[in-house]
Amino acid sequence: MRHLIALCCCLFGLLSFSVQAAESSQQDPFLTELAGAKFKDMVPILDQLAEIQGEAILPLFHTLLGGDLYYIKADKSLVGQFDEQGATVYKDVFNQTLVPNLSKRDVKKIRVNNTLRGYLRNAIAQIQLTAKSPKVRESAVRELLSKLDADTVALIESLYAKETNNKVKEAMGLALSMHTASSTELTLPNRLVAIERLSSSLEGDARNLLTTLTKDENPAIVKAATSALEKIAQRANRFAFIDQLFFGLSLGSVLLLASIGLAITFGVMGVINMAHGEMIMLGAYTTYVVQLMMPNYIDYSIWVAIPAAFLVSGLMGILIERLVIRHLHGRPLETLLATFGISLILQQLVRSIFSPLNRQVSTPSWMSGSWEINPVLSLTLNRLYILAFALLVFFALVIVLRKTSLGLNVRAVSQNRNMAKAMGVKTHWVDAMTFGLGSGIAGIAGVALSQLTNVGPNLGQAYIIDSFMVVVFGGVGNLLGTLVAAFSLGIATKFLEPTTGAVLAAIIVLVFIILFIQKRPKGLFPQKGRAAE
Amino acid sequence: MTRLTEWFSAGRSSGKHTLPFVVILLVVSLLASGANLLLPEDSALYVSTYTITLLGKYLCYAMLALAVDIIWGYCGILSLGHGAFFALGGYAMGMYLMRQIGDRGVYGDPLLPDFMVFLDWKELPWFWLGMDNFGFAMLMAVVVPGLLAFVFGWLAFRSRVTGVYLSIMTQALTYALLLAFFRNEMGFGGNNGLTDFKEILGFDLQADSTRVSLFMITAFLLAVLFVVSQRILSSRFGKVVLAIRDAEARSRFIGYRTDRYKVWLFVYSAVIAGIAGALYVPQVGIINPGEFSPINSIEMVIWVAVGGRGTLIGAVIGAILVNYAKTRFTAILPDAWLFALGAMFVLVTLYLPKGLMGLYAQMMAKRRPRILEESAVKESATKESEV
Numbered sequence: 001m002r003h004l005i006a007l008c009c010c011l012f013g014l015l016s017f018s019v020q021a022a023e024s025s026q027q028d029p030f031l032t033e034l035a036g037a038k039f040k041d042m043v044p045i046l047d048q049l050a051e052i053q054g055e056a057i058l059p060l061f062h063t064l065l066g067g068d069l070y071y072i073k074a075d076k077s078l079v080g081q082f083d084e085q086g087a088t089v090y091k092d093v094f095n096q097t098l099v100p101n102l103s104k105r106d107v108k109k110i111r112v113n114n115t116l117r118g119y120l121r122n123a124i125a126q127i128q129l130t131a132k133s134p135k136v137r138e139s140a141v142r143e144l145l146s147k148l149d150a151d152t153v154a155l156i157e158s159l160y161a162k163e164t165n166n167k168v169k170e171a172m173g174l175a176l177s178m179h180t181a182s183s184t185e186l187t188l189p190n191r192l193v194a195i196e197r198l199s200s201s202l203e204g205d206a207r208n209l210l211t212t213l214t215k216d217e218n219p220a221i222v223k224a225a226t227s228a229l230e231k232i233a234q235r236a237n238r239f240a241f242i243d244q245l246f247f248g249l250s251l252g253s254v255l256l257l258a259s260i261g262l263a264i265t266f267g268v269m270g271v272i273n274m275a276h277g278e279m280i281m282l283g284a285y286t287t288y289v290v291q292l293m294m295p296n297y298i299d300y301s302i303w304v305a306i307p308a309a310f311l312v313s314g315l316m317g318i319l320i321e322r323l324v325i326r327h328l329h330g331r332p333l334e335t336l337l338a339t340f341g342i343s344l345i346l347q348q349l350v351r352s353i354f355s356p357l358n359r360q361v362s363t364p365s366w367m368s369g370s371w372e373i374n375p376v377l378s379l380t381l382n383r384l385y386i387l388a389f390a391l392l393v394f395f396a397l398v399i400v401l402r403k404t405s406l407g408l409n410v411r412a413v414s415q416n417r418n419m420a421k422a423m424g425v426k427t428h429w430v431d432a433m434t435f436g437l438g439s440g441i442a443g444i445a446g447v448a449l450s451q452l453t454n455v456g457p458n459l460g461q462a463y464i465i466d467s468f469m470v471v472v473f474g475g476v477g478n479l480l481g482t483l484v485a486a487f488s489l490g491i492a493t494k495f496l497e498p499t500t501g502a503v504l505a506a507i508i509v510l511v512f513i514i515l516f517i518q519k520r521p522k523g524l525f526p527q528k529g530r531a532a533e
Numbered sequence: 534m535t536r537l538t539e540w541f542s543a544g545r546s547s548g549k550h551t552l553p554f555v556v557i558l559l560v561v562s563l564l565a566s567g568a569n570l571l572l573p574e575d576s577a578l579y580v581s582t583y584t585i586t587l588l589g590k591y592l593c594y595a596m597l598a599l600a601v602d603i604i605w606g607y608c609g610i611l612s613l614g615h616g617a618f619f620a621l622g623g624y625a626m627g628m629y630l631m632r633q634i635g636d637r638g639v640y641g642d643p644l645l646p647d648f649m650v651f652l653d654w655k656e657l658p659w660f661w662l663g664m665d666n667f668g669f670a671m672l673m674a675v676v677v678p679g680l681l682a683f684v685f686g687w688l689a690f691r692s693r694v695t696g697v698y699l700s701i702m703t704q705a706l707t708y709a710l711l712l713a714f715f716r717n718e719m720g721f722g723g724n725n726g727l728t729d730f731k732e733i734l735g736f737d738l739q740a741d742s743t744r745v746s747l748f749m750i751t752a753f754l755l756a757v758l759f760v761v762s763q764r765i766l767s768s769r770f771g772k773v774v775l776a777i778r779d780a781e782a783r784s785r786f787i788g789y790r791t792d793r794y795k796v797w798l799f800v801y802s803a804v805i806a807g808i809a810g811a812l813y814v815p816q817v818g819i820i821n822p823g824e825f826s827p828i829n830s831i832e833m834v835i836w837v838a839v840g841g842r843g844t845l846i847g848a849v850i851g852a853i854l855v856n857y858a859k860t861r862f863t864a865i866l867p868d869a870w871l872f873a874l875g876a877m878f879v880l881v882t883l884y885l886p887k888g889l890m891g892l893y894a895q896m897m898a899k900r901r902p903r904i905l906e907e908s909a910v911k912e913s914a915t916k917e918s919e920v
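Chains as they are written, first to last, in this note's numbering: chain F, 1 to 533; chain B, 534 to 920.
These are calculated hints, taken from the structure and not from any lab test. Certain hints may be false.
Unchecked claim - Partial list, derived from the structure: chain F residues whose beta carbon lies under 7 Å from chain B: (1) L337; (2) A338; (3) L344; (4) I507; (5) I508; (6) I514.
Note that CB positions come from ideal geometry on N, CA and C, so glycine has one too.
Just need the whole structure built from these sequences, with the hints factored in.
Written as structure tokens, this is what we have:
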């Protein structure tokens, strides 16, 4: 019968979303009993509630534990007190619906004392530890790590044998080891084994415990704890290194995306395009516009944005090539100036249309969050995806240049324009297509960058010098060199940063490249040829 | 008198502009100064102090354009980092002016400038020592840019970095300096730069007479540098420089150490930029890291391109015209300025490769066929360099 009532309650709770919150809580007689109950009467009531409702009662317990549970004097129904932008509001604790028109005078606090608090903590732990979802169980154990007492340890011990999920079991084992290691009444060998076991954990609480144990009276414990801490520090260092490496790779992937289009226009065609950064910016703004047009499908918008950005930037590139660059063939310095002018125009155009303020592009839900490998190492998902995306784009481009007829034509024209022309290659068409391809890829880079930084009119400018450095460093006309250069510069910058600070790291890398170019003017992987200069 | 004219217009045909230019420049600046100091404010011919300062600024830009033109127009080295030399000269002057403030700063520290007190520094960094001496500071204003240009040029030209590579590296150079000067720890005032100057050599910087004097000094120095540059470029040294521009490999094979010529020309150009910067700072009253930004350096190039590269007078005219346009545009249509500047870049490179001076020469040529032949010869020379 009781289960039936509980079921009804749950069902009703689900259905009555719009119904007055007070009404729904009134359905359970135990809830109203809480109002005005004496301390000694509360425990049995709470016991009953926990048994009937299981996980569903957790919000109430948490509110009660925080001392924010009130009841309305008129009908004895329960409400939680919340602080919302400085104002005190009352909400139903279960479904968070606002209970309107309540002032402080209408409600009375349900008081808790220390015994009750202890009881609540335990009850919450028990409910969570026996929850259905392993994730809830694991996080419950991890939360308990910092406040272990005899009761919780006993509870965990009883659950440990029955636990089927490996991760939860591991966490529980850790909790038990921590307890054993810290309890002085246990025998020394037991404690030492427990300390030894703790050395394989990276959890912050375990480390804190070990640090306190290094001040223990027993020298054997001190020694074991110190060596365990050293072991942990070594492992943590290794993971910190991996973390840094990841950030370096991430920066490298950004540089690669930004410079890969340039590697085609500058590297293969030999055209200096100072407006390359603006092609990236156009791609980023395309992402923004696509999201504006499909606000309800942000998760999918990126699949529309990538081809759209490719088209927008690619077409703009072809336009620029046809209108300006074509006429400046063989005059690199003039090309540089003209394309710089174009970049100014594009920046101002975007500023006039979208305002000079930065625009926020939202991240699709599947790209946000992070992949937590262990307590000291977690990799942000969007950086991970962008790293994979950069490599994907790179290899797609290599395939286009190596395996398609366009790629064949591009290589032919870049190696010997006149000969290619004589063989019937339409060099004008190839120029336009190559430039469009390079610009389009810059647009795709813009889509990726919009996930990492703010989208503003100056977005492109921030990357233009860096991308030129990457291309020059890697060796002009060499895509593989661009890949190596982008990642080595990214990693070098990130490894310099902790010691020198971000700005100085950027300066050091720039100066290094300047000096490197003096030594090897043709970059890391120079193209072989017989030209005198 | 004839000897004087000869001296001015020695060698090259474009030298014929030198004397008229110097005379016009000095006469106009004298008239403007007189109109400011001697005429009453309600007179129709009165020139406001604001205008004087503006003109002084233009003349500093003209000097800077001169520096860019010497290296780009005459030697084919497109430097996108001349803003760095300009700013370094400016910072040297700024440091001197900062020291002149003395204990009149907000914090009233007799030795340390305000921003150092703010950063809780206890003593002057070593590179600020001696900057309270005007002569030493001015020496630094030319030595520091010159030294930087020497080191950079020596490294770059010796390993035969040319063309676009060099341009991008000069841009990276000024970008690196921009980042460095933004840092507070550098000891140059960080983001805010150096400002709040009070006086120079004991003269109040806000006074009309000081402003006019600074303007006159700028005009005079511009004239001197113009003539000296003209002489240098029409000397034997200048001839080699032109040869390097038109056919570097050929000059090298003939036996000239082209890298040395390029380094010294680069240093000379950087020194001029440094002087321009030192004159610029007391007139505008501030120097901050923004002067290092790559876009500033590129703007200088467009001044020269508009005026006509390869003619010193073109550089000066271009700088004054473009900056006048900028002042007008930013006052009337602030948003349109970047459009106009961008369009200028594109149109000048596409349709006016020789700038306004080239246009002028073309118009003259229509009247006098003889000059046409000359310019045709020049054209073939430039074409060769482009191959």
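Hint check:
1. L337: Check passed: Cβ of F/L337 comes within 5 Å of chain B, closer than 7 Å.
2. A338: Since chain B brings a Cβ to about 4 Å from F/A338, closer than 7 Å, the hint holds.
3. L344: 4 Å, holds
4. I507: 5 Å, holds
5. I508: 9 Å, violated
6. I514: 6 Å, holds
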